[in-house]
Amino acid sequence: MTNQPQNNPVPTFRDRLLAGFRVSEERMNGETKSPLHQIRRAALKTFETLGFPTVKQEEWKYSNVTSLINKAYEIDQPSTISAEDLNSLQIPNLSGNILYFLNGHYRADLSRIVSPASEVQIMSFREAITEQSEAVGAYFSRLADFEDSAFTALNTAFASDGVFIRVPDGQTVVEPIIMRFITDARTNSVAAQPRNLIIVGRNAEVKVVEAYRTLGDEASFTNAVTEVVVAREARVEYYKVQNDTDQSYHIGRTQVRQADNSLFYSTTVTLNGGFVRNDLNIVLDGEHCEAHMYGLYLPNGKQHIDNHTLVDHAKPNSYSNELYKGILEDRATGVFNGKIYVRPDAQKTNAYQSCKNVVRSPDATMNTKPQLEIYADDVKCSHGTTTGQLNDEALFYMRSRGIPKEQAQTLLMYAFAEDVMNKIKIAPIRDYLEGIVAEKLAM
Amino acid sequence: MLTINDLQASIGQKQILKGINLTVKAGEVHAIMGPNGSGKSTLASVLAGREDYEVTGGSVDYEGKDLLDMPAEVRAAEGIFLAFQYPVEIPGVSTTNFLKTAMNEIRKYHGKEPMDAVQFLRLMKEKMKLVNIDQSLLSRALNEGFSGGEKKRNEIFQMAMLEPKLAILDETDSGLDIDALRIVAEGVNTLRSPERATIVVTHYQRLLDYIVPDFVHVLYKGRIVRSGPKELAYELEEKGYDWIKAEVEAAGV
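Chain order of the listed sequences is A and B.
Okay, so the first sequence: first residue is 173 according to my numbering, each after it adds one.
Okay, so the second sequence: first residue is 7 according to my numbering, each after it adds one.
Just chain B, with the same shape it has in the complex (with noise of 0.2 Å):
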């Protein structure tokens, strides 16, 4: 589904990703760990086509397409999905009505008709369930005085609305108590499927109890410097990144 090769990204002058690979198939869920600052959030981002970052090397496919030639919105009409770290507020606009603008432009993407106000309000319903979402909630004024569980929620709920075919988590488990916890990753799980993959990137194991990777990638100073299968994100969380960055550091990479 998706194959990144030697991807170098920057942000000013500062290079961030300094040549990632990374194959993710259909049905898969990999899980990208890393300290702080190793350039997690970004890859997500680059994948998910945010403009502040420069691509300055390397490419990736996506079912046959180069995703870096697409823009962001193109991205999700083609199945990707990022749920954001900080999911943004924006006052007048009720998530309602956002995502009714966002499953009708995908749909127009596909030379689908919109879809009618049952179609709509019924899924809205179905999906609301998954997530333990209330409809106030959703007619307010998008993530706006939401509570940091409340955004993230809503991101999953989000998700779930739109059924991409590649989710990215930017570390959607920050901030969140363990009740809140479970339910995002339930979200996460329902839409596991043989058609769809998931990166979830996280800089503690803890989300990954309940989301089980097939793989597990460290990332540190812009590279995949360890990949593994679950047990690998057990023993991080045992040990720390410190035995990691030691080894690395001592490859002189």
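Bound conformation, chain A alone (with noise of 0.2 Å):
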């Protein structure tokens, strides 16, 4: 494909996909006619009517993708990443399931499952459609909704591989189950689209991480789907940690429907990326749910980070709690969205929001646009945003204690953040985040 002939108009990247999907199509046999790639045909031909959204939709108003689907992204980029490569990329201390994904696709030689299958199942997306084809037919595609969101549409278009775990009925996973998301732009621009689907059986529990990671300067592109059914009872701990490059696009969903009695906790931690967008949505579809939701997120030079949230209280008596935090810096943008939706029988609902942040340049902007709809009358829900600069009494007491100026800004900007870092419970990664974090606030 790089060498176009001259007269020859440039394909899109929505013809390469169209043309990928084509192609991928002519390498499957019977598959072809199977339900899961009916869904997948059904998607495609969502993403060709919706096409990409511009920021003349509500939901994209802050964030232009224009430039994003302007990329000559190879996209089916096997990667030449060896094992060596990776061991710079290790974090200290941490044990556990440690899965590798190259360009989206999951690498078994490089990967470490330690749990017993008894405790859980964790194999690729790819092998569970064969493997696991009960519960993908059962789930798959049917709580990320495609039909509004061009994105979760070319995803679920090509959903091939990804991770898939389930956690049968009353099991305790003990280790932790860290995916590792690794594109390969070091050669050329990269696209790649992990579709993963977790199920949490009744009274289950598991901690899973997704953690992104690109490599090189050359422009890539993720679009990632997760889903995850949180049964009753059954309690989640779910982590997603970005930290990509300035020339790296990421376009995330995480779709989640709990029933009775379940925890979610989730923590999002986006470190670097020249174009996040996040999507959480959590439907709580039971009673005496309980969701969290923290976020942290320092863009700076000219990074750009959306973080879109979705509580769905479908249900009476259940409880949502959120506080997402950032630091601005340069000419950093920052977009937060939070919607909450209390449906008419969801009474007894206690659904708290938060999201505060710093902007540190007047050249950092950032939106914030909490969203409440309530449509029952007993409940308590709460909101609030505050943007500003970091407090200049603090500031002068700590100098006034002999702190130096910007090691007192520092320090409360690490403040500011350990606020979401203390709800990353597995201590390695915390630890691990923490450094990462301290380096580039001291910036």
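Hints are computed from structural coordinates only; laboratory data are not their basis.
Take these hints with a grain of salt, some might be off.
If we take Cβ atoms under 8 Å as the criterion, some of the chain B residues that face chain A in the derived model are [as the list claims (entries may be wrong)]:
no., residue
1, Ala54
2, Ala82
3, Ile96
4, Pro97
5, Gly98
6, Val99
7, Thr107
8, Ala108
9, Ile112
10, Ile230
11, Val231
12, Gly234
13, Glu237
Where is the CB? At the ideal position from N, CA and C, for every residue including glycine.
Please assemble the complex out of the two chains, which come individually in their own frames, going by the hints.
Written out as structure tokens, the structure reads:
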């Protein structure tokens, strides 16, 4: 594709995707007739109809994808990363199941699964299509509706690899499951579209981490969708960590459905990324559910980080709590859009939302938009957003004790971030991230 | 140690200090009293290096150096300490971590190695006793959710840790009950030595029962209008500030 004859028009990313879909279909044998593939076809059709979003759409008002879609990504680029290359990416003292995905594809040879199969089934989504066809059939694309989302439609159309996790009823997965999605943009522009399905059985418990990392200076596009099914009494800790490059585009959606008495506890930490859009959508489809959403984003330079969250209180007596925090430097831009729906049925809902930002430069911008839609009358809901500078009084107090201005600023920013960092309960991951946060804030 | 000469300072368009003259020698305790709005806290803040105030005239010599030329952190490293009237709450930073950072920055300024953890903890334990402060308070976020008394004790604790040459207490007595007042005063008195000096800014004479000053100055409308021995404080307590105000007005200053 790189040696395009000059007189032919350069195909757009959309053209390449559509061509890529046809190529992948040609490679399939009987699979084109499978129910799963019918979903893919429907999703492709939706994508064709919707097209990429524009800033005219409310949901994309502050996040312009024009430059994202004008890059010539290789759609199915294999990575040449070796096990040695990955050594430098290791997180110290981290034990558990560690799975590597290179440009969206699972690499069993690099991965390590330590939890017994009786505790949890962990495999690539590709394998699960045949090995766990019933579970995939029951849940794939049932949570993450693609009708009004071009990116979800696109991911669904190309859904072929990613992770599949299933925790049987009553099982506690002792070791965390860490998925490391490595995008190799060292030699050319690449696109990856991992598709993950996590099914947590009744009264089961698991900790999962989605960690994204881009290597190299070429452009990259990651479009990830994760569906999480949380059964009754199940407890899930979910972390998303993003440490990409200034040339990377990340669109990620996590769609969660919770049943009665379940707990979903999530923390999203975005350290770096040229353009990041996260959608975290939780449907509290049961009573006495608890959902926690924490987030931290630290854009600098020209980075753009957009967090959209949605909590849908569909049943009575549930609780949701949300705290997102950001520190913006230079010419960075940030977006926080937090929706809370309380359905007419969902009496005795408790829903709290808070978004706090420190804007450190006159050229940085933060757009916050809380959206509460409450259709029940006996509920407790609150929301608040703040955007400001570091507290001058606190700075003077620290300086008056001998701490130089710059250290005082760093200490205050670090303390501001700690509020969210403390929510990470996997100590080696927290320690590792704290190091990166401290380094970035001291810059 | 400290020579203030015709110091003038303003905030925005408003002039608050209109020519302060004061000399503090090592070993002395000076009390600065005065009615509300006379400029007492402004003087304390200007000496500590708060940037909200603009110094519009005069000079301050501190141990042969131009104090006004130093940023706040350098003043601290050179041995000036301000106990705040309203200590600031700093979420996410524990008192312990804060103090360790401060002490090590000051040591760095003087070309010394950072203190190791054991040394630091030993020193902390020793000073904690002095102000009767609890370990659990120190591991909490700095001043966050502390009661008024706890905040003031924490100020004196920090002072004890940093061992300043010149301590400035800005209305440290306000809002303290008598027991807390005694603890705070004891902490201050323990630090009294021939090498150190203290400036106690207060509205009431009460604190001066416990921290006995060598000199008392009355600040009114941005000037020191009267100075005297400690007995002046009793006179003020008895008669209030009106007689001084009247005297000043009569003199047409």
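- Query: Which hints from the list above does the structure break, by number from lowest to highest?
  - Reply: 10, 11, 12, 13
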